[in-house]
Amino acid sequence: MNALAAPYEIDVRRLRTPAVIFLAGGLLLAHLPAGVGLPCPLRTLTGVPCPLCGVTTSVRDTLGGRVRAGFTAAPLGLVLIVVAAAIAARWGPTNVRFLRPIVLVGVAAEWCFELHRFHFI
Amino acid sequence: MNYCSQCGSQLQPEDTSCRGCGRAVSVTPAAPSAGDFGTPAPPPPPPVNYPPPGAVAPMPGSVQMEGGYPPPPPGGYPPPGGGVPPPGGYAPPGGYPSAPPGGAYPPGAYPPGGGYVPAPGAYSPQGVLADWGPRALGLLIDWGLTLVVVVPLIILGAAVNGVFRLLADLAGLVIAILLAVQVGQTGQSPGMRTIGLKCINQSTGQPIGSGLGVVRAIAHIVDSIICYIGWLFPLWDKSRQTLGDKIMSTVVVRVPSQSFSLMPPGS
Numbered sequence: 001m002n003a004l005a006a007p008y009e010i011d012v013r014r015l016r017t018p019a020v021i022f023l024a025g026g027l028l029l030a031h032l033p034a035g036v037g038l039p040c041p042l043r044t045l046t047g048v049p050c051p052l053c054g055v056t057t058s059v060r061d062t063l064g065g066r067v068r069a070g071f072t073a074a075p076l077g078l079v080l081i082v083v084a085a086a087i088a089a090r091w092g093p094t095n096v097r098f099l100r101p102i103v104l105v106g107v108a109a110e111w112c113f114e115l116h117r118f119h120f121i
Numbered sequence: 001m002n003y004c005s006q007c008g009s010q011l012q013p014e015d016t017s018c019r020g021c022g023r024a025v026s027v028t029p030a031a032p033s034a035g036d037f038g039t040p041a042p043p044p045p046p047p048v049n050y051p052p053p054g055a056v057a058p059m060p061g062s063v064q065m066e067g068g069y070p071p072p073p074p075g076g077y078p079p080p081g082g083g084v085p086p087p088g089g090y091a092p093p094g095g096y097p098s099a100p101p102g103g104a105y106p107p108g109a110y111p112p113g114g115g116y117v118p119a120p121g122a123y124s125p126q127g128v129l130a131d132w133g134p135r136a137l138g139l140l141i142d143w144g145l146t147l148v149v150v151v152p153l154i155i156l157g158a159a160v161n162g163v164f165r166l167l168a169d170l171a172g173l174v175i176a177i178l179l180a181v182q183v184g185q186t187g188q189s190p191g192m193r194t195i196g197l198k199c200i201n202q203s204t205g206q207p208i209g210s211g212l213g214v215v216r217a218i219a220h221i222v223d224s225i226i227c228y229i230g231w232l233f234p235l236w237d238k239s240r241q242t243l244g245d246k247i248m249s250t251v252v253v254r255v256p257s258q259s260f261s262l263m264p265p266g267s
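Chains as they are written, first to last, in the working numbering: chain A, 1 to 121; chain B, 1 to 267.
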């Protein structure tokens, strides 16, 4: 429980290059045919989507100008694009602390969204 | 100059009560002039500044002798036994340790904003933690090694006989187990040796053993299962651990690289 209560600290400076690669990859993906990308192992094996399923589609649609479609695929994709843009532009704090329970709640909410999208709930 | 005998605050001649504690004025007479060694007044706690570490505090009202300690730095000296450090920070007793080779001090080890700027990279008691990039390179070498064996068998399986396809699966499994055993025994796979990485237990600093090496390889399934997000954790994680590393309590540190070899040197 102590590990869960301890805040999770991220050095944002380390994420600048990955953020640029993420955005560049998303822009590239927006101009590639649909279906390009790695399949989700959990969904491939079990048919059940994982919490991050739909993020690739969301990023591709959003950066391709179809923001509404991006949101309906995975709201997390839009959040990641905004956060990645802020990090790449060096805007915001250099050190961020998360409370792990809040992150877990966010992941759970995203998973519920995906389970609903794939008609599991 | 007079001081309150209750709290030691400095009193002005016109004061009828202490501005610090509100007590009615009960003054301590000013100390005698230099050269008078009469009984000194009890030392009140200085209101703002503390004496330099290791120095003897002057008596109130005493005359600062020539050659005494220098004026305090902006913000004052640190209070004995702790307190809020000034923006510049203080050096720990004995000074800062020398920086690890190519690395940085552990985040949060010293007062924030004081003394040094943490460099990119991280430091663990066992050494400099490996970043995501070198770890990915090491993994790519190991995957390349596997593919060199497996891909020809897959091609043969498609072109000649289905048995080769089965052999390809078997070979992939055997190679994965051998690599995991190497990582467990020596802390290094061929790719990790080439790049200069070593997988160790984060508590003991030692390789985890061949059995746990295999378990760690299995634990890496967790890294893949959620859209491979676990493999990206070293990008932002303070301990540069994947989820599998966290499960197994292992860290990957930088060590001198070696030339590529399939087996550990000396084996």
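Because the hints were derived from the structure by calculation, they are not lab data. The reader is advised that the hints may include incorrect statements.
[Unchecked claim] Not everything, but these chain B residues come out facing chain A in the computed CB check (under 10 Å): (1) D15; (2) V128; (3) W132; (4) W143; (5) V215; (6) I218; (7) S224; (8) L235; (9) D237; (10) K238; (11) F260; (12) L262.
Just so we're clear, the structure is a prediction, and the values are computed from it rather than from any experiment. Yeah, the Cβ is synthetic: ideal placement off N, Cα and C, and Gly gets one too.
Each hint, compared with the structure:
For the restraint placing B:D15 at the interface with chain A, the shortest Cβ-Cβ distance is roughly 47 Å, beyond the 10 Å limit, so the hint is violated. At its closest, the beta carbon of B:V128 sits 14 Å from a beta carbon of chain A; the interface hint therefore is violated under the 10 Å criterion. This hint holds: B:W132 has a C-beta 8 Å from the nearest C-beta of chain A, less than the 10 Å allowed. At its closest, the beta carbon of B:W143 sits 14 Å from a beta carbon of chain A; the interface hint therefore is violated under the 10 Å criterion.
A distance limit of 10 Å between C-beta atoms decides the matter here; for B:V215 the minimum to chain A is near 19 Å, and the interface restraint is violated. Contact between B:I218 and chain A, as hinted, is not supported at the beta carbon level, the nearest pair being about 14 Å apart and thus beyond 10 Å. Because the closest C-beta pair between B:S224 and chain A is about 5 Å apart, less than 10 Å, the hint holds. Hint on B:L235 holds. Least Cβ distance to chain A is approximately 5 Å, under the 10 Å limit.
With a least beta-carbon distance of about 8 Å to chain A, the hint placing B:D237 at the interface is held under the 10 Å criterion. The closest approach between the C-beta of B:K238 and any C-beta of chain A is roughly 6 Å, which is under the 10 Å cut-off, so the hint is satisfied. Interface hint status for B:F260: violated, as the beta-carbon distance to the closest one in chain A is roughly 27 Å, over 10 Å. With 10 Å as the threshold, the beta carbon of B:L262 stays out of range of chain A, its nearest partner Cβ sitting at about 28 Å, so the hint is violated.
In this structure, the hints that do not hold are numbers 1, 2, 4, 5, 6, 11, 12, in rising order.
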